[in-house]
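Asks: Produce the complete structure using the sequences and hints provided.
There are 4 protein chains.
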Amino acid sequence: MEFSVIGGDMRTVRLAELLKADGHEVRCFGLEKGGSRVLTNEASLGKALRGAGYVILPLPMGGGEELNAPLSDAPISVRELAEAIPPEATVLAGKPEGVFAELARARGLCVRDYFAREELTVRNAASTAEGAVEILMRELPVTLLGARILVIGFGRIGKLLSLRLRALGADVTASARKCADMAWIEALGLRGADTRRLADAVTGKTAVVNTVPAMVLDREALTGVPDGCFLLDLASKPGGIDLEAARELGLRAVRALALPGKAAPETAGAAIRDTLYQMIKESDENELECSQWKG
Amino acid sequence: MEFSVIGGDMRTVRLAELLKADGHEVRCFGLEKGGSRVLTNEASLGKALRGAGYVILPLPMGGGEELNAPLSDAPISVRELAEAIPPEATVLAGKPEGVFAELARARGLCVRDYFAREELTVRNAASTAEGAVEILMRELPVTLLGARILVIGFGRIGKLLSLRLRALGADVTASARKCADMAWIEALGLRGADTRRLADAVTGKTAVVNTVPAMVLDREALTGVPDGCFLLDLASKPGGIDLEAARELGLRAVRALALPGKAAPETAGAAIRDTLYQMIKESDENELECSQWKG
Amino acid sequence: MEFSVIGGDMRTVRLAELLKADGHEVRCFGLEKGGSRVLTNEASLGKALRGAGYVILPLPMGGGEELNAPLSDAPISVRELAEAIPPEATVLAGKPEGVFAELARARGLCVRDYFAREELTVRNAASTAEGAVEILMRELPVTLLGARILVIGFGRIGKLLSLRLRALGADVTASARKCADMAWIEALGLRGADTRRLADAVTGKTAVVNTVPAMVLDREALTGVPDGCFLLDLASKPGGIDLEAARELGLRAVRALALPGKAAPETAGAAIRDTLYQMIKESDENELECSQWKG
Amino acid sequence: MEFSVIGGDMRTVRLAELLKADGHEVRCFGLEKGGSRVLTNEASLGKALRGAGYVILPLPMGGGEELNAPLSDAPISVRELAEAIPPEATVLAGKPEGVFAELARARGLCVRDYFAREELTVRNAASTAEGAVEILMRELPVTLLGARILVIGFGRIGKLLSLRLRALGADVTASARKCADMAWIEALGLRGADTRRLADAVTGKTAVVNTVPAMVLDREALTGVPDGCFLLDLASKPGGIDLEAARELGLRAVRALALPGKAAPETAGAAIRDTLYQMIKESDENELECSQWKG
Numbered sequence: 007m008e009f010s011v012i013g014g015d016m017r018t019v020r021l022a023e024l025l026k027a028d029g030h031e032v033r034c035f036g037l038e039k040g041g042s043r044v045l046t047n048e049a050s051l052g053k054a055l056r057g058a059g060y061v062i063l064p065l066p067m068g069g070g071e072e073l074n075a076p077l078s079d080a081p082i083s084v085r086e087l088a089e090a091i092p093p094e095a096t097v098l099a100g101k102p103e104g105v106f107a108e109l110a111r112a113r114g115l116c117v118r119d120y121f122a123r124e125e126l127t128v129r130n131a132a133s134t135a136e137g138a139v140e141i142l143m144r145e146l147p148v149t150l151l152g153a154r155i156l157v158i159g160f161g162r163i164g165k166l167l168s169l170r171l172r173a174l175g176a177d178v179t180a181s182a183r184k185c186a187d188m189a190w191i192e193a194l195g196l197r198g199a200d201t202r203r204l205a206d207a208v209t210g211k212t213a214v215v216n217t218v219p220a221m222v223l224d225r226e227a228l229t230g231v232p233d234g235c236f237l238l239d240l241a242s243k244p245g246g247i248d249l250e251a252a253r254e255l256g257l258r259a260v261r262a263l264a265l266p267g268k269a270a271p272e273t274a275g276a277a278i279r280d281t282l283y284q285m286i287k288e289s290d291e292n293e294l295e296c297s298q299w300k301g
Numbered sequence: 007m008e009f010s011v012i013g014g015d016m017r018t019v020r021l022a023e024l025l026k027a028d029g030h031e032v033r034c035f036g037l038e039k040g041g042s043r044v045l046t047n048e049a050s051l052g053k054a055l056r057g058a059g060y061v062i063l064p065l066p067m068g069g070g071e072e073l074n075a076p077l078s079d080a081p082i083s084v085r086e087l088a089e090a091i092p093p094e095a096t097v098l099a100g101k102p103e104g105v106f107a108e109l110a111r112a113r114g115l116c117v118r119d120y121f122a123r124e125e126l127t128v129r130n131a132a133s134t135a136e137g138a139v140e141i142l143m144r145e146l147p148v149t150l151l152g153a154r155i156l157v158i159g160f161g162r163i164g165k166l167l168s169l170r171l172r173a174l175g176a177d178v179t180a181s182a183r184k185c186a187d188m189a190w191i192e193a194l195g196l197r198g199a200d201t202r203r204l205a206d207a208v209t210g211k212t213a214v215v216n217t218v219p220a221m222v223l224d225r226e227a228l229t230g231v232p233d234g235c236f237l238l239d240l241a242s243k244p245g246g247i248d249l250e251a252a253r254e255l256g257l258r259a260v261r262a263l264a265l266p267g268k269a270a271p272e273t274a275g276a277a278i279r280d281t282l283y284q285m286i287k288e289s290d291e292n293e294l295e296c297s298q299w300k301g
Numbered sequence: 007m008e009f010s011v012i013g014g015d016m017r018t019v020r021l022a023e024l025l026k027a028d029g030h031e032v033r034c035f036g037l038e039k040g041g042s043r044v045l046t047n048e049a050s051l052g053k054a055l056r057g058a059g060y061v062i063l064p065l066p067m068g069g070g071e072e073l074n075a076p077l078s079d080a081p082i083s084v085r086e087l088a089e090a091i092p093p094e095a096t097v098l099a100g101k102p103e104g105v106f107a108e109l110a111r112a113r114g115l116c117v118r119d120y121f122a123r124e125e126l127t128v129r130n131a132a133s134t135a136e137g138a139v140e141i142l143m144r145e146l147p148v149t150l151l152g153a154r155i156l157v158i159g160f161g162r163i164g165k166l167l168s169l170r171l172r173a174l175g176a177d178v179t180a181s182a183r184k185c186a187d188m189a190w191i192e193a194l195g196l197r198g199a200d201t202r203r204l205a206d207a208v209t210g211k212t213a214v215v216n217t218v219p220a221m222v223l224d225r226e227a228l229t230g231v232p233d234g235c236f237l238l239d240l241a242s243k244p245g246g247i248d249l250e251a252a253r254e255l256g257l258r259a260v261r262a263l264a265l266p267g268k269a270a271p272e273t274a275g276a277a278i279r280d281t282l283y284q285m286i287k288e289s290d291e292n293e294l295e296c297s298q299w300k301g
Numbered sequence: 007m008e009f010s011v012i013g014g015d016m017r018t019v020r021l022a023e024l025l026k027a028d029g030h031e032v033r034c035f036g037l038e039k040g041g042s043r044v045l046t047n048e049a050s051l052g053k054a055l056r057g058a059g060y061v062i063l064p065l066p067m068g069g070g071e072e073l074n075a076p077l078s079d080a081p082i083s084v085r086e087l088a089e090a091i092p093p094e095a096t097v098l099a100g101k102p103e104g105v106f107a108e109l110a111r112a113r114g115l116c117v118r119d120y121f122a123r124e125e126l127t128v129r130n131a132a133s134t135a136e137g138a139v140e141i142l143m144r145e146l147p148v149t150l151l152g153a154r155i156l157v158i159g160f161g162r163i164g165k166l167l168s169l170r171l172r173a174l175g176a177d178v179t180a181s182a183r184k185c186a187d188m189a190w191i192e193a194l195g196l197r198g199a200d201t202r203r204l205a206d207a208v209t210g211k212t213a214v215v216n217t218v219p220a221m222v223l224d225r226e227a228l229t230g231v232p233d234g235c236f237l238l239d240l241a242s243k244p245g246g247i248d249l250e251a252a253r254e255l256g257l258r259a260v261r262a263l264a265l266p267g268k269a270a271p272e273t274a275g276a277a278i279r280d281t282l283y284q285m286i287k288e289s290d291e292n293e294l295e296c297s298q299w300k301g
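Chains as they are written, first to last, in our numbering: chain A, 7 to 301; chain B, 7 to 301; chain C, 7 to 301; chain D, 7 to 301.
These aren't lab readings, by the way, just hints derived from the structure by calculation. Please note: incorrect hints may appear among the correct ones.
No copy is singled out in the list; a pair is fine if it fits within one copy or between any two copies.
Quick list of in silico lysine to any residue cross-link-like pairs, SDA-like style, CA-CA up to 20 Å [unchecked claim]: (1) K268 - I141; (2) K101 - S242; (3) K184 - S289; (4) K268 - G152; (5) K268 - E145.
Replies: In structure tokens:
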């Protein structure tokens, strides 16, 4: 297969390397600073896109005029990109929206969103959970063994993180809102708390990790957090912990985003590759119409 | 609160005992053979239902003319029951359907299905998983430590069973159909297989446990199962393993249903009680209309 | 190799079958009731021992006049046995002591104790731990998930049992006497208690399992055990729980011995086989003198 | 109680803080650079030692002329120290040996070695295991989930590290020499290898961690290690991996020592404190003679 890989971060670099290692033709653009020894970056967007069967765009690709391309020597215009993509190519993009989505629709391009794939979300959740464990180990002056940790939210990340922390000997409390999630917390042998009433749950904790994308630890709730407790917010902006209030209260508080790419870029790249292969395979098998539009 | 408990199995007996221990008024009918020391059975359906705020019916209550009441001295007519329930009572039933559902609708009774509650399903899945572990320990001439076990299906029971078996030192392969489930299998550190292609997966296994309610191990697939392998089908009838074919092939094969009530009746009773309390609480808080009809 | 297998229980039957399956010549005596389809029992002790390179005696072989041979049609005299063993054979016995040990020494027989091998003890401990989990699952009306269990003693069985129970979601307290064991309890993320002060530790427990071969729960200590608590004594006689006092107090109490052979005879047989092979290999390699006498 | 704390690293600082928080009188010397807000350092060794009931020396205290005191503004002479300790004080030292041990013996001082305490060794092993997990997470470009890791040696650290890695979803092989250790590896559900034959075991590994204080991965053995594999040596110098050879072969290799103090100084300080309390308690209870000399 022939892939054009345009923009993206270290995950994209690893992804492109893996595609090449699998024997595919891979043309890159905008990964100059990635330091890859096996990839070569094309001189122009046009060259990179020529004859592409599949065009891979970043995760997230960005909704504005510029492509998300932190490793590129120069900014990449989303308009220019949308113009240059061969009409018969399939575009595999992470969260296509905004400017690019509109232009692609206008041109009738086939665009698929790999970020919407549940299997990628789950794999990213596993990597995020492990990345969070690493941060806690680095930041805490005590071992996780014996530490008392509150994990707020029992979605994918909350589940996988709670299980890992417990396996390392931490005393884990997981909070949730729904009865069914509470039943899962119990079924997995964890201690439970109600996300709507965290005042008691934070008492005596060594660390608190939030996974809920809504303000769950505001200034008032933070007053109950014990001195020396470390706060880690994994929720995307604006996040679920009032970091400013936390610092004013003398609490160490950190927001960590995009952990899969930072903590384990190779695993992240492989997860995207597998997802793309699966999407291509399903598309071939089912001859599905290209209709999964986002934005 | 005033509860009338009509029919049911040992779980219902434990449930009624727990409600009584919590200080509620509890009137029973049809639990004579349950051997409870604290419950007394009323002389008639009418007496048992008089003044009831909540009428608790079995799980499952049964869709025909007779109530599911294996511990009752005499059969209980669903028509008689539907007639005798006070109109202002709330009926909490496990899978209300068929004859009773129709009659109750005709009379305008408020009927809620506690079996449809996700939290109860999850708690039952945990008990089922543990019950399955007990059966495997009892039936296998080897320890689970080191045993090679295939778990077919990665829903609630598949997940919780796979984790327990792995924790006991078994070499667990879990099978699934969906990519997202495969990602969960991987995220939990388990070995995976495709439920659509089990021929390879059964090779060399010490035991195979099915959780999928569809024929996954038919006569042909069973020919690949090694001698001495033990087969356990947890899926409700008609199940997912051709038990007859298995026996003809000389394989030990067992179907185990309703494990929560059999393996841990007290836990099962407590799970139903908590679910009923939650349903009552939600109903009080939200003044929801009574509209969750099944069947 | 040529093995004579004399007396023993189902573990010995499986052991003999496994040796045969490995291609060795195996002559049995005293396993008539074992129901094996692949073994044949010789007509006399003499025939069974003729030309034997290795004579395998039961675990434990018994210290009196009669060999431990519950599956034999007739009693086997230890004196007759000691006389009939070819002088050049190596005797592999489980706990050789008493009458046989004296006679063997007098005859100058080479006798080795496989029960003294640490690797077999550890493997048996793992099987005992799993067998204990099975008993708890069978006996308790609640799931191990959420059950509060005290494990007395943190030797091999205590360690392996505590880890398994915790993995199944039980709330486990392990007791020990030595500081170092307490540190292990902590390092493995378990709750700890002092074996010398169990009064507090038994409070509120769903079940108590003893692994210590000394009276740790006497009549007085038992008065603190809550109603409905299940007691399991894994220590060899006289055990560590006063079972009589327990029953007088209305507590369910069970002593379970020889679990590896009962719960998983194939695993137990394989563990002995591997141990015997290892002993034979070491003996060949090192040309050690035969001097490891017990009794 | 009255403690004099002389020299040491951050663990000693935390230890001294904890002793003070417990209400004891604590005089420090040589912890100036420790940055503690609650401790004050005495102006002279003499002042720090005046009236001391217990003198706490570092872990390890160092066998030469100078005390191990990296946080001290000036070097501390072991001779001066030995002279200044009040004769009735009990000296609690980590690995007392060499110059100090001789002088103390000559003066008839009571010196006890807290490093020789098994409970401290176990607690340190747990912290070391967790520290090793942190290093692996930081250094590997992939997640531990799914990584193939070889742990060489199945002593305390090997056991606790293997269990943690497996709990995080790694595919763990543990190597040992003794049959009994191999049985433990199996009983804990891990994959095993023979430390004497690592050539096969290193194949395909993502990382190799050594815990054995003897050369187990020499230049020749390293040639079998796959490209990209990360090597971590936890064994004290000279260690068990030929780091120089590893680097020449293009392998990333790191030696990590004293992890408890680096990764979790508060946990390390608390572990020492608990050990000292226990030693003091035992000494009071048993009126043991002071005879546990090392060196």
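Asks: Hints first: check each against the structure and report whether it holds.
Replies: Here's how the hints hold up against the structure:
no.	hint	in the structure
1	K268 - I141	both (11 Å within a copy, 15 Å between copies)
2	K101 - S242	within (15 Å within a copy, 40 Å between copies)
3	K184 - S289	between (36 Å within a copy, 15 Å between copies)
4	K268 - G152	between (27 Å within a copy, 17 Å between copies)
5	K268 - E145	both (17 Å within a copy, 12 Å between copies)
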